[in-house]
Every structure is written in structure tokens, then in C-alpha cells.
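> As you go down the protein sequences, you meet chains B and W in turn.
In terms of my numbering, the first sequence opens at residue 5 and continues consecutively.
In terms of my numbering, the second sequence opens at residue 35 and continues consecutively.
Hints are computed from structural coordinates only; laboratory data are not their basis.
A couple of the hints might just be wrong.
[As the list claims (entries may be wrong)] Pair by pair, the computed Cβ-Cβ distance ranges are:
1. V144(W) with D312(B): 43 to 49 Å
2. A117(W) with D312(B): 43 to 49 Å
3. R136(B) with V101(W): 54 to 60 Å
4. Y26(B) with Q146(W): 51 to 57 Å
5. Q54(B) with V133(W): 52 to 58 Å
6. R315(B) with S72(W): 24 to 30 Å
7. F367(B) with G67(W): 55 to 61 Å
8. R74(W) with Q54(B): 39 to 45 Å
9. R294(B) with G141(W): 55 to 61 Å
Backbone N, C-alpha and C define an ideal beta-carbon position, used for all residues, glycine too.
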Amino acid sequence: MLLGVFTTIYIMTLAMQIVVPYIVRETIAFGVTVPDQNIKHPVLAKMKKQYVQLVGGSGIVFLIIMIISYNMLAPSESLQSMVLMGCLFSMLTVSMILYWVNHQKVSMLKKQEQWCVNIKQVRAVDLTARSRDEMLPWSFFAVPLGISVFLMIYTMLHYDQMPNDIAVHWGPSGEADAWRNKTYFTAVSLPLVMLMVQCMMWGITDSIKRSAIKIAVNRKDESLEDQLKTRKYMSWKILLVSYALTILLTVLQLSNIYPSMTVGYKLLPVFIFFLVVLIGSLFIYVLKKRKHRVRYVANIDSQVMDIDEDRYWKGGLIYMNRQDPSVFVEKRFGVGWTMNLANPRGYIVIGLPFLVLLLISIFSL
Amino acid sequence: MFIQIEPQSDVPIYEQVTRQIIEGIARGEMKPGDTLPSVRALAADLGVNMHTVNKSYHELEAKGIIVIRPKSGAIISSTEERALTPDQLRQIEKNLKPVVAEGMVLGATVEQIEHMMKKVFADLQIPAEGV
Chain B
5 MLLGVFTTIY IMTLAMQIVV PYIVRETIAF GVTVPDQNIK HPVLAKMKKQ
55 YVQLVGGSGI VFLIIMIISY NMLAPSESLQ SMVLMGCLFS MLTVSMILYW
105 VNHQKVSMLK KQEQWCVNIK QVRAVDLTAR SRDEMLPWSF FAVPLGISVF
155 LMIYTMLHYD QMPNDIAVHW GPSGEADAWR NKTYFTAVSL PLVMLMVQCM
205 MWGITDSIKR SAIKIAVNRK DESLEDQLKT RKYMSWKILL VSYALTILLT
255 VLQLSNIYPS MTVGYKLLPV FIFFLVVLIG SLFIYVLKKR KHRVRYVANI
305 DSQVMDIDED RYWKGGLIYM NRQDPSVFVE KRFGVGWTMN LANPRGYIVI
355 GLPFLVLLLI SIFSL
Chain W
35 MFIQIEPQSD VPIYEQVTRQ IIEGIARGEM KPGDTLPSVR ALAADLGVNM
85 HTVNKSYHEL EAKGIIVIRP KSGAIISSTE ERALTPDQLR QIEKNLKPVV
135 AEGMVLGATV EQIEHMMKKV FADLQIPAEG V
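In isolation and in its complexed conformation, chain B is listed as follows:
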């Protein structure tokens, strides 16, 4: 069971690592801005191919090592889980090192061949883009908050009929494996966690909505389309995950009030449902992202390029730009969005609910 779940997670992670160079914008190679004028540089295509081969090859080797040693270490569960984690992290480390080497190589190439020199850097904006933004309105994200509050009140009303031990942790097969003594706080800690995560999801979506719609100056219409679709599907994805989590935690909380729900493997389908939504929504997002990606057939002959923001990206991964009012920006290497670490708003949106979550887990779990 554990090996099965873990192998699935491993393969999904490996697949993500491999497709990354082919879903991120072509104007960014391993975290380095490449001007449209040099986009079809032969070295870049070769690097991407090599990266995929090396990450894929070593990933498969680690997978084989993982499965073989898992069976060899059969009696000791702690050794087994160490092997599982070890192989996953080794695979991730290899891809990180390869990313880093390639990042340095592209930076060097850019400097040597003087890309971006003598090209005017501009920022294009569509004044009508905002009226075409299709991100879900905030009310969609407020609904699950009501469910959490209702669940807290419901728990309080049924406090007396709850058993003296409250389940606070569940294993992969959907069975509770850790309990705490019943108090008013432990009784509502689960809906409280739910509330905080829902707030976080709402905050993230709202911040993405307020963040820049970035347009590629040489491919205005296509890149606008890509941006609008990316924002739309991102808000759907976050909403789906928020709703799935609400369903999962509501069921778990109800099983605390009505312990007969946990008999047998009755909760297992809910866990599987949650995992499917989590992975499925990410998968659909990646597919949509790839479909709408701006494609280049050749180098573009133009006098202008988008602003080179490399200096704000530490190592091509961490974004810090004091002048930029955006809280979230799309990752330059990877799937999804990353925070502008120089914008204090981000710390409130992510940090505050996270702090509350941490406090709940310290005091109740």
C-alpha cells in the first residue's frame, strides 16, 4: 500500500520535473531571460534535451533502487520509509543540480554573445485586458468559509456525544492513528485548520487577481490569451482544491462526532477522492498551460524586447522586486506561481494563516 502510494507520487514528481523545460515560456531558459531575437539558439534546445535525458535516466535508476531496497528491507518499517524519502530527494537533488549548472551556462552564453545589448526594452500593457479577466469572483471562495463556521457551531452543539479521544491524525489507508484528549479546543481544531487553509486559498487567488497581466511585446495577442487562460485555470484549480479539502475535513470532523463512520475502510474513498482532485487539477492545469503556450518557429526580428528582469530573480528561482506591486508572479522554472518576496502584502496573505496553523498544531496536535 505504502509503496504503491509512494511510487505514484514519485512518478508524478519525476514527470513534472521532466516536462518543466517544455511548459515554461520559451523566452526563459533555465531561469535566464532569452530575448526573442535569440530564442532559437541551437545550444538552448540541446541543453533542454540533455536535461530531460539526465533527469529521466537518473529518475528511473532511483525508482528501481527504491523498489528493490524497499522489498529487501521488508521487516523494518523505519528503514523502508527512509529509503522511500531518500530516493525521492535524491531524484529532486539531481534535477536541482542540473538546473543550476544549466542556469550558469545560459547566463554565461548570454553575457558572451551580448544578448539584449542594443535592443530596446519595453513593457507592453493591454488597457482592455482587465475587463476580459475571467478569474472566479471572491464569493466562490467565501462559501467554504461558511461551512467551516457552521461545522464549528455544530461540533459545539454535539460536544457531549463526542468520544473522549479525538482523532487528529490519519494514516494513508484512511484510519485514524493519533488521538488527543477531548477539550473544547481539540474538538474544533480540525474546522479551525480548515478555515485557515480556506483563507489562505482565498488570499492567494485574490493576490493573483491583483497581480500583473504580463504581455510579450512581440507576441501581444497570443501572450494575452495565454495570460488570461492561465489566470482563469489557476483560480479554478485553487477553488477545486479548496472545495475538496473542505469535503475531506468535514467528513473527518463528522467521523469524530459519529465514530461509527470510521468502521472498516469507509473513509478510504474520501482520501482517494481528495488525492485525485489534488493531482488531477494540477495535471489539467499543466495540460492547459502547454496548450496555450506561445510558440516560436524562428528567432524574431524586432527592435524591441520585454524587460529583462533577471536581476530581480535570485538564481532564476526567487523573485524579489521592490518596485513591482504584484504579489504573485508566474514561476520561471516550474509549474505555478511564486511570491514577490520584496512585497509585504504576500507575507500577510501567506504568513498570517500559516502562523495560526502552526499554533493550532503546536497546541492541539
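Could you slot chain W onto chain B? The hints should help.
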């Protein structure tokens, strides 16, 4: 309608925004009654401070090109609303003076400058591709 900002230019960013919005209206890419994006949204999209966009919007309002209404935002005025006043004409003349003077000093004739004016006028009336 697209606008294009050049942060490295000598022209301040708010000035670039103002000029390009005016040009867009002159071209007919934005019509009277159309709403400009909110100050916050445009600042995010441009990656600049909110005050920069605010300054540009207030300049456009002072020129009588847009009306800023609380809640509904910045709306482009209709031709009736922005009927040319003698004051505005004087202002345009004042702005033209240094440009014409530069042409005179460099030896441009009245005909050449007149021709230039007509050309600029005609260029703006042809719907351009992109910006």
C-alpha cells in the same frame, strides 16, 4: 488597446502613459465612454508604483480628456464633454511653440511645418497596426 512603456527612456513613465492614452483616443482605439483600468490594476500590469499611474490619470483629467468618478473609475469623455475651450487651444499653442521654434532655427519653412502637421494628423486618422 496596447500601450508600451520604456522605463529606460528620458521621458518620465507617467508622461509616457498620458501620451499613449491620448494617442490611442486620437486613433479611435478607445472610444468615449470606455473605462480605463483602475489605477491599482494598471500599476500592477506596468510594474510601477500606483502614484505614477495616479499622476497620469490626474493629468488626463486636468486636460479634460477623462472624467474620474468614484467607484466607476476613469471614463473617457465624449466629444461634447470635452468641447474645445479657448484655454485649451492656448495651451496647445504654447506646447507647440518650442517645437516650431526648433524647426525654424534649423531652417524648416512654413510649408514644411504645415506639411508635417497634416501628415501627423493623417497618420493618426489611419487605424494603425498595433501600437
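> Hints the structure violates: just list their numbers, smallest first.
3
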